[in-house]
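Based on the provided sequences and hints, a complete structural model is requested.
Sequences listed follow chains A and B, in order. Quick note: the first sequence uses the working numbering, first residue 9, plus one each step. Quick note: the second sequence uses the working numbering, first residue 212, plus one each step.
These aren't lab readings, by the way, just hints derived from the structure by calculation. Remember, predicted model here, so these are calculated numbers, not experimental data. Mixed in with the good hints there might be a few duds.
With the C-beta cut set under 8 Å, the calculated list includes, among others, these residues of chain B facing chain A [said to hold, decoys possible]:
1) Gly255
2) Phe307
3) Val382
For lysine-lysine, the following DSS-like pairs were computed, each having C-alpha atoms within a straight-line distance of at most 30 Å [stated by the list, open to error]:
4) Lys516/A with Lys334/B
5) Lys332/A with Lys169/A
6) Lys399/B with Lys214/B
7) Lys395/B with Lys516/A
8) Lys334/B with Lys287/A
9) Lys161/A with Lys93/A
C-beta atoms are modelled at their ideal positions from N, C-alpha and C, and glycine is treated no differently.
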Amino acid sequence: MILKRTLTGVVLALGVAGLAVAEESTGSSTADHSKFPILQKDFKSGPEVTEACLSCHTEADNQFMHSIHFTWEYEHPETGQVLGKKNVINAFCGSVAGNEPRCTSCHAGYGWEDMSQPPPQAATAKDCLVCHDTSDQYTKLATAAGHPPLEAKGKTITGAKAWAVDLTKAAQSVGMPDRDNCGNCHFYGGGGDNVKHGDLSSVLYEPSLDVDVHMSPEGENMVCSDCHVSDRHQWAGSRYNVLASDPHGTGKPGEERHAASCQSCHGNEPHPANIKGLKLNDHSDTLACQSCHIPEFARGGVPTKSFWDWSTAGRLDEDGKPIKEDNYVSSTGQHLHTYMSTKGDFDYQEDATPYYAWFDGQVEYTTIDRKIDPTKTVEVNVIHGDRADGTSRIWPFKRMEGRQAYDKVNENLVYTHVWGPTTDTAFWTNFDWGKAIDAGMKAANQPYSGEFDFVDTYMYWPITHMVAPAENAVECAECHQENGRLVDVAGVFMPGTDPNGWVGLLGKVIVLMSFFGVMGHAVLRIFSRTSNGDHHG
Amino acid sequence: MAKRIVKVYPLFERLWHWMQVLLILILMITGMGLNGVHDAIPFGPAVMLHTLAALGLLALWIFATFWLFTTGTWKQFIPKIEGMLSMARYYAYGVFQGEEHPYEKMFWRKHNPLQAATYFVLKWFIFPAIWITGLLYLTYNLWSSGDSVVAITLIANLHLLSAYVIGAFIVVHVYLLTVGHGFKEHVKPMVTGYDQIDLTPEQEAYLESNEPDRLKPVS
Numbered sequence: 009m010i011l012k013r014t015l016t017g018v019v020l021a022l023g024v025a026g027l028a029v030a031e032e033s034t035g036s037s038t039a040d041h042s043k044f045p046i047l048q049k050d051f052k053s054g055p056e057v058t059e060a061c062l063s064c065h066t067e068a069d070n071q072f073m074h075s076i077h078f079t080w081e082y083e084h085p086e087t088g089q090v091l092g093k094k095n096v097i098n099a100f101c102g103s104v105a106g107n108e109p110r111c112t113s114c115h116a117g118y119g120w121e122d123m124s125q126p127p128p129q130a131a132t133a134k135d136c137l138v139c140h141d142t143s144d145q146y147t148k149l150a151t152a153a154g155h156p157p158l159e160a161k162g163k164t165i166t167g168a169k170a171w172a173v174d175l176t177k178a179a180q181s182v183g184m185p186d187r188d189n190c191g192n193c194h195f196y197g198g199g200g201d202n203v204k205h206g207d208l209s210s211v212l213y214e215p216s217l218d219v220d221v222h223m224s225p226e227g228e229n230m231v232c233s234d235c236h237v238s239d240r241h242q243w244a245g246s247r248y249n250v251l252a253s254d255p256h257g258t259g260k261p262g263e264e265r266h267a268a269s270c271q272s273c274h275g276n277e278p279h280p281a282n283i284k285g286l287k288l289n290d291h292s293d294t295l296a297c298q299s300c301h302i303p304e305f306a307r308g309g310v311p312t313k314s315f316w317d318w319s320t321a322g323r324l325d326e327d328g329k330p331i332k333e334d335n336y337v338s339s340t341g342q343h344l345h346t347y348m349s350t351k352g353d354f355d356y357q358e359d360a361t362p363y364y365a366w367f368d369g370q371v372e373y374t375t376i377d378r379k380i381d382p383t384k385t386v387e388v389n390v391i392h393g394d395r396a397d398g399t400s401r402i403w404p405f406k407r408m409e410g411r412q413a414y415d416k417v418n419e420n421l422v423y424t425h426v427w428g429p430t431t432d433t434a435f436w437t438n439f440d441w442g443k444a445i446d447a448g449m450k451a452a453n454q455p456y457s458g459e460f461d462f463v464d465t466y467m468y469w470p471i472t473h474m475v476a477p478a479e480n481a482v483e484c485a486e487c488h489q490e491n492g493r494l495v496d497v498a499g500v501f502m503p504g505t506d507p508n509g510w511v512g513l514l515g516k517v518i519v520l521m522s523f524f525g526v527m528g529h530a531v532l533r534i535f536s537r538t539s540n541g542d543h544h545g
Numbered sequence: 212m213a214k215r216i217v218k219v220y221p222l223f224e225r226l227w228h229w230m231q232v233l234l235i236l237i238l239m240i241t242g243m244g245l246n247g248v249h250d251a252i253p254f255g256p257a258v259m260l261h262t263l264a265a266l267g268l269l270a271l272w273i274f275a276t277f278w279l280f281t282t283g284t285w286k287q288f289i290p291k292i293e294g295m296l297s298m299a300r301y302y303a304y305g306v307f308q309g310e311e312h313p314y315e316k317m318f319w320r321k322h323n324p325l326q327a328a329t330y331f332v333l334k335w336f337i338f339p340a341i342w343i344t345g346l347l348y349l350t351y352n353l354w355s356s357g358d359s360v361v362a363i364t365l366i367a368n369l370h371l372l373s374a375y376v377i378g379a380f381i382v383v384h385v386y387l388l389t390v391g392h393g394f395k396e397h398v399k400p401m402v403t404g405y406d407q408i409d410l411t412p413e414q415e416a417y418l419e420s421n422e423p424d425r426l427k428p429v430s
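Shown next, in the form of structure tokens:
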């Protein structure tokens with residue numbers, strides 16, 4: 009009997025170990041791509057691999073060509089604005105239009121060289137590997153419109169020295185996306201590590217628990233697509249049309265939900281059912297989870313760009329050579345550019361306190377067709393929201409401060425042609441704003457008066473990644489105090505923020521009056537007692 | 212009339228009083244912290260302490276109300292106009308002249324008329340105001356809708372105002388313990404339960420034969 013049990017134990021243990029080995033190579037999939045005959049081939053280009061993929065995955069091309077990762081275009085269902093990287097102007101490198109092979113290096117396709125055209129329509133122009141490679145050696149060249157390096161020359165999209173990608177190895181390794189598949193582009197938005205978002209940096213490849221409780225290998229070890237769930241190559245979660253609050257919560261048991269919201273896993277009453285939990289749950293109709301649970305952004309040692317003044321760009325040294333200054337030192341001792349002739353002045357933030365505002369999820373862009381008021385700080389993207397609408401919550405944002413070019417006569421932001429090593433109009437090559445704007449506007453087919461100036465801008469980035477462990481959530485008193493974090497947010501009542509409001513003052517006067525009243529009374533008593541010779545009590 | 216040492220505050224009443232002192236002190240200190248008057252206690256723990264003390268006090272009040280009505284002690288708290296003027300005159304004038312306290316504590320009536328009136332206002336208006344607003348404050352999420360900012364602001368400010376009025380009461384209450392027979396003499400009965408009371412021969416005889424435990428033997 010005992011022997012039999014032991015034997016069963018050994019067999020079970022071996023079985024589990026065998027399962028573990030199998031999982032390592034194929035995950036939970038029923039297919040091992042390294043065994044597919046069509047992938048036993050010396051691939052010479054990305055599109056060749058895609059062709060092989062599509063021979064089995066017959067619907068993938070059609071699904072993917074309509075996704076925002078491929079179209080870079082998004083028609084906002086609420087505002088009707090046509091957004092997406094193809095169209096918007098931002099406070100960083102400005103625009104994709106006019107800078108194609110550089111910016112489209114992160115396009116999930118191959119060979120998009122002209123923003124005035126839709127992306128290449130050939131079925132094989134999709135890049136399957138950038139998302140599905142799990143060999144971790146596939147990458148894209150920084151300036152080749154999405155193509156991978158096939159020799160060790162140039163730089164990759166993360167700024168690393170390029171290596172010769174083994175396409176066969178990559179093709180045979182395919183699986184569901186890991187953190188690096190998404191991160192290699194999304195962590196480097198704006199042309200460098202954590203430049204754009206503030207809450208998406210290379211730290212998230214292998215974050216420590218205190219940086220990201222979900223993605224940390226010490227924690228849940230989740231990957232991006234665990235939250236950004238996909239259905240036929242369409243992903244949940246949008247920065248243009250955010251689900252600012254999610255009253256649906258987890259849904260019914262077993263109900264499949266396609267929402268990248270905290271509530272879709274944690275529900276709408278996430279805190280434990282005790283007195284403290286009830287009080288914390290009281291906050292859920294005003295605050296986004298992120299406002300408390302992401303105490304700071306740009307955590308883990310990689311700063312984010314917080315200020316970018318393009319107007320000072322173009323200053324050269326005595327020999328007419330571009331200058332670089334590296335006066336920002338990060339917490340890990342890294343020196344970062346604070347001035348570049350190509351880009352102007354920068355500043356950075358690390359462990360930064362967010363900017364807070366009511367947010368209903370709708371983001372309106374100051375697109376090329378919008379008139380701006382150059383006497384004011386222009387909001388590159390306007391975030392909408394109001395307490396009374398029932399769906400808005402107070403959200404944390406990175407508020408990027410910029411100073412960027414606009415058309416003085418037409419009063420609109422402009423597209424700028426900054427990248428172009430071989431053109432005589434690119435700003436980074438020629439340091440001539442007039443030519444760079446003219447070329448950028450031509451590339452985008454937009455009218456340009458020929459007169460430009462610079463205007464102060466704000467750009468808002470919703471903070472939703474880098475969720476800290478619960479014990480590191482924002483302390484109550486960070487907001488519940490005079491001039492706390494939410495001091496500029498209208499439409500909230502918060503205990504502790506106004507001890508000297510008129511009721512507070514009235515109350516203090518009442519107590520002080522009674523105090524001085526009894527003190528006066530006591531003094532009179534002592535005084536009269538001595539004069540009357542009374543020794544009561 | 213004979214002066215006798217009579218038990219005027221039974222154990223429950225003393226317990227009630229001192230627990231109330233403790234809980235109200237906790238509520239005052241934590242409440243002021245939550246209001247932003249001081250930052251001696253971190254906000255989160257202060258909320259917890261404030262809530263638990265408030266719930267404790269409410270439970271105590273439920274017991275006390277039950278006790279007041281079952282024992283008939285509630286009558287002690289009904290104010291009477293009679294004697295109020297002479298009390299007011301005493302505090303405003305007589306006390307400075309070294310006059311005797313005009314109110315003689317009776318075993319069936321422990322409070323002087325001004326005291327009774329004060330407690331009446333406190334128990335019927337201020338305390339209900341603070342616990343009704345407090346409960347609404349605590350249960351905000353159960354009744355609030357999207358636009359409850361005005362309501363919660365009003366509730367919070369009423370809560371605050373009531374708290375300050377109670378604060379003022381505490382100042383005067385503690386001070387008045389020093390008037391008349393002196394602080395120690397005034398606090399002692401609330402600790403031991405016994406106070407010196409003028410008894411009519413009938414009262415004395417009644418207590419001796421019916422409630423001998425309430426009388427201390429004449430020494």
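A quick look at each hint next to the structure:
| no. | hint | in the structure |
| --- | --- | --- |
| 1 | Gly255 | holds, 5 Å |
| 2 | Phe307 | holds, 4 Å |
| 3 | Val382 | holds, 5 Å |
| 4 | Lys516/A with Lys334/B | holds, 22 Å |
| 5 | Lys332/A with Lys169/A | holds, 21 Å |
| 6 | Lys399/B with Lys214/B | holds, 17 Å |
| 7 | Lys395/B with Lys516/A | holds, 29 Å |
| 8 | Lys334/B with Lys287/A | holds, 28 Å |
| 9 | Lys161/A with Lys93/A | holds, 27 Å |
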